[in-house]
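Mind docking chains B and C on chain A? Use the hints.
Read top to bottom, the protein sequences are chains A, B and C.
Here the numbering used here is used: position 376 in the first sequence is 415, and no number is missing along the way.
Here the numbering used here is used: position 30 in the second sequence is 1246, and no number is missing along the way.
Here the numbering used here is used: position 274 in the third sequence is 278, and no number is missing along the way.
Any given hint could turn out to be false.
[What the hints assert, rightly or not] To give an idea of the chain C side of the interface with chain A (calculated C-beta under 7 Å), a few residues:
| id | residue |
| --- | --- |
| 1 | L115 |
| 2 | Y139 |
| 3 | K143 |
| 4 | R147 |
| 5 | F150 |
| 6 | G196 |
| 7 | A199 |
Bear in mind the hints are in silico, worked out from the structure with no lab data behind them.
For glycine and all other residues, C-beta sits at the position ideal for the given N, C-alpha and C.
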Amino acid sequence: MGRKLLLDKAHVENIRLYEVYRREGGYRSVEKALKSMSPDQVTDEVKKSGLRGRGGAGFPAGLKWSFLAKPEGVPRYLVVNADESEPGTFKDRYLMEFIPHLLIEGMITSSYALGSTTSYIYIRGEYAWIVDILEQAIAEARHNGWLGKNILGSGFDCDIHVQRGAGAYICGEETALLESLEGKRGNPRIKPPFPAVKGLWGCPTVVNNVETIAAVVPIINEGGEEYAKIGIGKSTGTKLISACGNINKPGVYEIDMTISVEEFIYSDEYCGGIPNGRKLKACIPGGSSVPILPANLLLKTAKGETRLMNYESLADGGFASGSMMGSGGFIVMDDRQCVVRHTYTLARFYRHESCGQCSPCREGTGWMEKILLNIETGKGKMSDIDLLWDIQRKIEGNTICPLGDAAAWPVAAAIRHFRDEFEWHVNHPEEAQTRNYGLAHYADPLVLTA
Amino acid sequence: MPVQFSETALAEVKRLVARYPEGKQKSALLPVLHLAQEQFGGWLSTETLDYVASLLQLSPIEVYEVATFYSMYNLQPVGKHVFEVCQTGPCMLNGSDEIIEYVWEKLGIRPGQTTTDGLFTLKTVECLGACGYAPMMQMGKHYREHLTRDKVDQIIAESRK
Amino acid sequence: MAEQTNKPANLKVTIDNITVEVAPGTTILQAARQIGGDVTPPAMCYYSKLEGSGGKCRTCLVEVAAGSAADPRPMPKLVASCRTGVMDGMVVKNITSDRVQDARAGVVEFLLVNHPLDCPVCDQAGECHLQDLGYEHGKEGTRFEFKRRTFEPEDIGPYIQLHMNRCILCYRCTYVADQLTDSRVHGVVDRGDHANISTHISKAIDNNFCGNMIDVCPVGALTDKTFRFKNRVWFTKPVEAHRDCDQCCGKVTLWQRGDEVLRVTARKDEWGEVKSYDGKPGWICNTCRFDKKKASDWVIEGPTNINRHSVIAQGHYTGLQKPHETLPAVMDGRDPKLLMDIHSVSEVNRVDISALPGAATSETFKK
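The following block holds chain A by itself, in its conformation from the complex (with noise of 0.2 Å):
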């Protein structure tokens, strides 16, 4: 069993109840914080700790807190990023959903850390009843004086807002997100400059996921070094996973990096298995942006060796037979599925929510949708193929933002391991027409034992 730093207490009773998360050791940190440690002494914890960023790039949290300019008379902001809309995650809705308050300390250590007197947590619109329970947690924070003027005498004020997004995928893009906090339309900005120079309204930014700054609490109670040494290498500290798709038990999960892929998947404590006795054959284990693997190549490393959940393992071999971290978004798919019609639907995703600014995003996605659903649908020619290929590969690091490249590397993975499928849809078109699912010819590598 790993260690829990997240959600440790995420199942006591009534825990999202200001009461009982302050008896179960809530709001420590910020005590720490504010009345033993300097802003700067905060930051170099963070930076100690080797926490990275939750969200999907997996930055140095504490790097990017230094980088923020601080020029006498502007104020600074922090801005939580709790716009989750990434495909296969829900770990950050689960978090704050169950213990808001861990997000609302972390926040006010992070504030003070960076000096930010206003923060706020920009959430995704979807995520209305989410919304109430935030306000009310900060509302009981304010009420026993963890916000407002001079926290606990230290001479620091610190209020935090919640504002509402509007169904947008971009904005969970840091840019974006900030124009979309300034009421405009959620194009992201063409960098330089970063959000730490020239963020919301103009003044030094912090952009973190939620869970980046949840991860702050543990890190301030227990020092960056003790968070340190939990892990492997430079996966540090605990990573939340949601986890779906074929599995017995879909969810969120908060594991150590140093649990394999397979223990997993198959282990009770975690996804529990394949239902109904079907065999794994694929996986996108960091969200749908990341690249699909075949289940021998998610198991096991080309080298030969056992793939972990860290950031590392999962990235090694690069784009050619590994895949990423992301943002912890686990989905399993099962030997009934057809990666040519879930390809589609990830294609279709990104058409829908390119902003359509830059053109090979605009115009790029909506092309891979529609050859996508011709394949599917069995109309495709086995030209269609190399013709995606060459249409991702044009987007992908030709765009403003990462959203095209997000919508490039499904594609690319898809084709690269499962070519084979696409092909069988071509050449089997009234079949690819009637049934929804492809090959199923994947061995399951593993030979299970009962």
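Relative to the frame of chain A, chains B and C by itself:
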């Protein structure tokens, strides 16, 4: 009939605007549009958008640009109950297509359509962040998860009450 | 803006093996324009006179082979040259990079997949930047086998014709409305592949200076309604003219056929942008553009210098060396025009153009 917020709603607008620095009232646009949609029958008419623009001292086009960008704002009238069924990858793996089919079977509406009695609208949406509880749909403020045919029947029945 | 900066030119940047010294704050694209010629990346959305423009179309992507003298690492991705500042010692590859050429061909293809290609009936044809771009950087043939995207036509008033199907969403016109006119009534609505230029409520765009939206539009999405279907631009004759105007600089190009003024536009520089006078962009007001349509309203300065390669230059004007005619010699001295006398084969066209006293105008054909 001129579009006009109630006193309570106006107080809420004031509270929202106060969350941002002086002169940054445009930031309140998204929340105020949500509020307007709630207050004026679940959708945003051009008159409503113009009203919001005047409240926040914005030019109307700034409001149109934003209202058309985000998928949660309805710019056409919708039924009393809106079924927003997720159809992205993880939900598809767990049978969201069958749920969409079943709603059609039961209510005779395809995505984007409203029943003639004005009670139900079916919308297909992209990932709502409930992949572990698939298939699912959003109804108003809340999610309905682990959908089955029986559950859809139940939801329709309770909505009709 | 950076182009008008007075800072000393002390940053060295090498673009396609040509080194140039530029002032701090200069972008790669501006540096390349200082060099000029083939090494200058094409720009469909960037417009140096409009603040905030650029970065969107991705046609100006270049490869940065060395970031700066201090940090000579290459940049991993291609960058938009219009929005990337020059660093001292930067090494940039544009036409010398296969990666750039490949990506640019891709961008051209993306811009064209949903473009109607209705050039034969498009008033922009002949001065269309997308035509130029496609000609210079595109590939032959199309791989797009689907119905092209279309939008409902929208009437935006008496001055400007909007053809949304042709739009490439460069956003230039929205910047014009923001920065030059008293209020913006149009914008980009919807999102993704359905994002479009609209007023949302079919409102007339008629505020002063709105005509400049026509001049900045790189394609035929916004054209002059008063010039609509009047003539092909290459049959018109551009001349420089000016008048005293209390609203704008009054310096324009008149597009004439015979003595008739068919169209008035701002004067354009070699990059297709309006020319600057005394450091200020020469935008023109609606009065000059739409109301002064008589040659007598203007003081004519002389013919416009047109790039020899432009189709507008065909048959025209200063310093043009006509190619040596060989046809008469081949035809035993007979006039080649006789070969093309349409009246000998067709009864359709009864207007005898050669019998007209002056040049044919749109009025001629109404008779």
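Status of the hints after comparison with the structure:
no. : hint : in the structure
1   : L115 : holds (5 Å)
2   : Y139 : violated (18 Å)
3   : K143 : violated (11 Å)
4   : R147 : holds (6 Å)
5   : F150 : holds (5 Å)
6   : G196 : holds (4 Å)
7   : A199 : holds (3 Å)
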